[in-house]
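Asks: Now for the letters of each chain:
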Amino acid sequence: MQNRAAPAWTSDHFFAGARACIPVAISVAAYGVVWGVLAKQAGLSLLEVMLMSGLVFAGSAQFVALDLWTATPSTLPIGPIILATLIVNLRYLLLTATMRPLVRPGTEKRSAAAMWLLSDENWAMTVGEMAKGRGSIAFLVGGGATVWCAWMVATVFGRLIGSAIDDPTKYGLDFAFTATFLALLLGMWKGKADLLPWLVAALVAIISAKLIPGSWYILTGGIAGSFAGAIAERRRGYAHQS
Amino acid sequence: MLTSPEALLAIAGMLAVTLAIKASGLLLANRLPQTGFIAAWLRHIPGAVLASLVAPAVATGGPAEALAAAATALVFVVTRNLFAAMATGVLAVFLLRMALGA
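Chains U and P supply the protein sequences, listed in that same order.
Here this note's numbering is used: the first residue of the first sequence is 1, the next is one more, and so on.
Here this note's numbering is used: the first residue of the second sequence is 1, the next is one more, and so on.
There's no promise every hint is true.
Stated by the list, open to error - Selected chain U positions facing chain P (Cβ under 8 Å, derived; list incomplete):
id: 1; residue: L55
id: 2; residue: V103
id: 3; residue: G106
id: 4; residue: T107
id: 5; residue: W116
id: 6; residue: F157
id: 7; residue: I161
id: 8; residue: S163
id: 9; residue: L184
id: 10; residue: A205
id: 11; residue: G225
Unchecked claim - Pairwise CB distance ranges, derived in the manner of DEER restraints:
id: 12; chain 1: U; residue 1: T75; chain 2: P; residue 2: V78; range: 27 to 33 Å
id: 13; chain 1: U; residue 1: I212; chain 2: P; residue 2: A70; range: 23 to 29 Å
id: 14; chain 1: P; residue 1: A70; chain 2: U; residue 2: K192; range: 30 to 36 Å
id: 15; chain 1: U; residue 1: R236; chain 2: P; residue 2: M1; range: 39 to 45 Å
id: 16; chain 1: P; residue 1: L8; chain 2: U; residue 2: R134; range: 50 to 56 Å
id: 17; chain 1: U; residue 1: G133; chain 2: P; residue 2: G62; range: 20 to 26 Å
id: 18; chain 1: U; residue 1: L199; chain 2: P; residue 2: G62; range: 39 to 45 Å
id: 19; chain 1: P; residue 1: P5; chain 2: U; residue 2: G237; range: 54 to 60 Å
id: 20; chain 1: P; residue 1: R80; chain 2: U; residue 2: I212; range: 19 to 25 Å
id: 21; chain 1: U; residue 1: L47; chain 2: P; residue 2: A70; range: 38 to 44 Å
id: 22; chain 1: U; residue 1: T75; chain 2: P; residue 2: A16; range: 50 to 56 Å
id: 23; chain 1: U; residue 1: L83; chain 2: P; residue 2: A99; range: 28 to 34 Å
id: 24; chain 1: U; residue 1: G54; chain 2: P; residue 2: A70; range: 33 to 39 Å
id: 25; chain 1: U; residue 1: A113; chain 2: P; residue 2: T60; range: 55 to 61 Å
Just so you know, these hints were derived from the structure itself, not from any lab.
Quick reminder that beta carbons are idealized off the backbone N, C-alpha and C, glycines included.
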């Protein structure tokens with residue numbers, strides 16, 4: 001019985017994903033360098049940069065962790081850093097849930113472990129493949145491998161040149177994150193039905209970011225926008241039936 | 001300075017919560033329906049989350065950030081190239097901040 005994920009099938013999808021994510025990996029590298037530079041200023045050692053990028057592998061959570069990091073170990077707020085990571089990464093609950101249709105029966109554990117390599121970028125590429133009727137966990141993992149390498153190399157590089165760049169905002173590098181996510185968002189446009197959930201999400205996120213400290217705006221905007229989209233879809237569904 | 005026990009503990013904790021979230025999202029989704037309201041909600045989550053990530057950064061920025069975001073969007077719509085869009089955004093924000101003195 002070799003019906004589940006024959007090697008050739010898996011490696012084909014893996015390398016397709018790895019290749020497809022090269023353009024987004026370049027963007028990841030751009031803000032990876034920014035993170036590395038900021039990590040130097042926050043007092044992370046080279047080893048700590050490698051451990052955090054290589055193991056945690058979550059850009060936005062790592063940016064938030066830098067805000068809390070202290071150069072002296074005795075004052076390091078371990079609890080708040082872990083809690084902040086939990087909050088910022090809660091959205092991955094929603095992202096990995098959308099990978100569910102790709103899980104074949106009997107591969108749940110392996111697929112759940114593979115979610116470690118899910119980042120916003122290879123997730124978006126995989127969702128794009130799914131929209132065309134393709135996409136697989138192997139494609140996601142291949143893309144994740146490319147993104148992981150880019151993130152690792154870029155953050156280490158940024159940490160090493162950190163002492164030379166005094167202010168990343170002077171070179172516009174802080175905008176790499178926003179520009180990348182904006183382009184990823186536009187790539188998801190499927191039609192007018194997306195307009196309402198995106199506008200609701202943007203509005204709620206902007207208001208939340210002003211009122212609530214931290215990264216809650218990602219969660220409040222994401223939940224409000226997606227509910228708005230689902231409610232609108234159900235109303236249209238009823239209208240079609242009548 | 002190589003590292004410290006405190007730093008290792010913080011990184012291990014970050015790893016543990018991240019893995020737990022990523023794995024449980026996939027496993028919990030197995031119990032959710034694939035059609036109907038919940039499925040529609042799940043379908044709309046990705047775009048809504050990305051919109052929430054982007055909107056405050058653009059809204060709280062000045063005219064340089066707003067114009068750079070518009071340039072990023074224009075380049076992406078025309079070229080469908082993520083890197084070209086990102087590079088345009090960074091270059092635009094760099095030049096606009098200089099030009100506008102912000």
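Asks: Confirm or reject each hint.
Replies: To see whether the hints hold, each was checked on the structure:
About 5 Å separates the beta-carbon of L55(U) from the nearest beta-carbon of chain P, less than 8 Å, and the hint is met. Evaluation of the V103(U) hint against chain P yields a held restraint, the C-beta minimum of about 7 Å falling below 8 Å. Taking 8 Å as the C-beta contact cut-off toward chain P, the hint placing G106(U) at the interface is violated, the least distance being around 12 Å. Nearest Cβ of chain P to the Cβ of T107(U): about 11 Å, over the 8 Å cut. The hint is violated.
With a cut of 8 Å, the hint placing W116(U) at the interface with chain P holds, because the nearest CB-to-CB distance is about 6 Å. Look at F157(U): its Cβ only gets to about 17 Å from chain P, farther than 8 Å, so that hint breaks. The beta carbon of I161(U) is not positioned within 8 Å of any beta carbon in chain P (closest approach about 17 Å), and the interface hint is therefore violated. Checking S163(U) against chain P: minimum C-beta separation of about 14 Å lies over 8 Å; hint violated.
Because the beta carbon of L184(U) sits about 6 Å from the nearest beta carbon in chain P, less than 8 Å, this interface hint is met. A least Cβ separation of about 4 Å between A205(U) and chain P falls short of the 8 Å threshold, and the interface hint therefore holds. Here the hint on G225(U) is kept, as its CB sits about 3 Å from the closest CB of chain P, short of 8 Å. Between T75(U) and V78(P) the CB atoms are about 49 Å apart, so this pair departs from the stated range of 27 to 33 Å.
A hinted range of 23 to 29 Å for the beta carbons of I212(U) and A70(P) is consistent with their spacing of about 27 Å. Between A70(P) and K192(U) the Cβ separation comes to about 21 Å, which falls outside the hinted range of 30 to 36 Å. R236(U) and M1(P) have their C-beta atoms about 59 Å apart, which leaves the hinted 39 to 45 Å range violated. The beta-carbon spacing between L8(P) and R134(U), approximately 41 Å, falls outside the hinted interval of 50 to 56 Å.
The beta-carbon spacing between G133(U) and G62(P), approximately 43 Å, falls outside the hinted interval of 20 to 26 Å. Against the hinted window of 39 to 45 Å, the Cβ-Cβ separation of L199(U) and G62(P) comes to about 22 Å, which falls outside the hint. Separation of P5(P) from G237(U) is about 56 Å and conforms to the stated range, judged on CB atoms against 54 to 60 Å. A hinted range of 19 to 25 Å is violated for the C-beta pair R80(P) and I212(U), which are about 35 Å apart.
For L47(U) paired with A70(P), a C-beta distance near 41 Å keeps the hint of 38 to 44 Å intact. Our hint of 50 to 56 Å for T75(U) and A16(P) is violated, since their Cβ atoms are close to 22 Å apart. Taken as a hint, the range 28 to 34 Å is violated for the pair L83(U) and A99(P), whose Cβ atoms sit roughly 41 Å apart. The hinted range of 33 to 39 Å is satisfied by G54(U) and A70(P), whose Cβ atoms lie roughly 36 Å apart.
Between A113(U) and T60(P) the beta carbons are some 38 Å apart, a value that contradicts the proposed interval 55 to 61 Å.
This entry does not satisfy hints 3, 4, 6, 7, 8, 12, 14, 15, 16, 17, 18, 20, 22, 23 and 25, going by the numbered hints stated previously.
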